[in-house]
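Enquirer: Protein chains in written order, with our numbering: chain R, 423 to 610; chain C, 423 to 610.
I should point out that these hints are in silico values taken from the structure, not numbers from a laboratory. Note that this is a predicted model, so its numbers are computed, not measured. The hints are all genuine.
Note: identical chains are not told apart, hence a pair may lie in one copy or across any two.
Derived BS3-like pairs: lysine-lysine, alpha-carbon spacing no greater than 27 angstroms straight-line: (1) 500 / 592; (2) 541 / 500; (3) 500 / 608; (4) 572 / 605.
2 protein chains.
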Amino acid sequence: MKKVNIGTNAFLYPMPVTLVGSLVEGRPNFMAVAWVSRVNSMPPILGAAINQRHHTPQGIQENQSFSVNIPSLELMEKTDYCGLVSGREQDKSDLFEIFYGELKTAPMIQECPLCLECKLLQVVPLPTNSLYLGEIVGAYSEERYLTDGKPDIRKMNPFVLTMPDNRYWKVGDPAGSAWTIGKNLKKG
Amino acid sequence: MKKVNIGTNAFLYPMPVTLVGSLVEGRPNFMAVAWVSRVNSMPPILGAAINQRHHTPQGIQENQSFSVNIPSLELMEKTDYCGLVSGREQDKSDLFEIFYGELKTAPMIQECPLCLECKLLQVVPLPTNSLYLGEIVGAYSEERYLTDGKPDIRKMNPFVLTMPDNRYWKVGDPAGSAWTIGKNLKKG
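Only chain R is shown next, with the shape it has when bound in the complex (with noise of 0.2 angstroms):
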């Protein structure tokens, strides 16, 4: 089949979504984010991308820290707003309720399956956005959502993200075990 140059604004397929979380002059914000990635194995590294003209990069450079939240598909609705509204306009502090970890400045959702706190090592500078990379100091979850005390995908329930076409989806089946099925093809 021939291939068509669908231009250059592409995305990839899907995108997991997240909140990001961070004190802005004292009050804690939520903003949505997809485009999050780990980026580093040892020590354990997080990017996360944000327009500089937002409301959290204020409170990441304040406070040298943020979180990255998972939210469950049960969040989808208030996770869209915090992506919506901006902390300048709207006090989202008393969407979700909220704890902290050992940084104490980096605010994360008790309803959210899985947490992240991560101290800020390096901002990279870029046209638009800026890209926060945080160290993973804690990552806070609860035994309902593990299996071997590993987080189950199954038990979180997160969603995703596909732009250009702006919508979320759910997470499917099991598909295969990584690492794992392509032994097969394997030669010699």
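Given chain R, put chain C in place with the hints provided.
Expert: For chain C alone, coordinates are given in the frame of chain R:
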């Protein structure tokens, strides 16, 4: 419910699965990468975090380019193989039908429903990995994967990864409209 600290080596749920293509000493090579994200709006920039010991970084540096290909579920076994075996050990250039875009040095995979051609802009060195930031200069798909000119995840049928349980998952049902369903929560 009480939160438990599960340690620092935590991940996002779920992560997109991609194949990063590069030309290493003139030979096309593909590596499975899930630590990848858009990082800038305009111009469109992607980041891919790759362990420095891998074969791929050599190719990216040599040609100042790479590709990010989104495999469909049908390619899961080949994708997993590309994450298991280094291009130093086995020739992966014959696994897929390969094509090139305008850069001529970023091999892309004909069988993948979406291929992003990237020009290297910057390398951010990190302790174990490097983050390769590339501007998307072309995105290649096929009419059969598009709806209203945009990639349609239901037609593309990609899959996602969870770590550290190392499992692949299908994408599930639609869950809602982004930047829309949260409007109900707006105050005033």
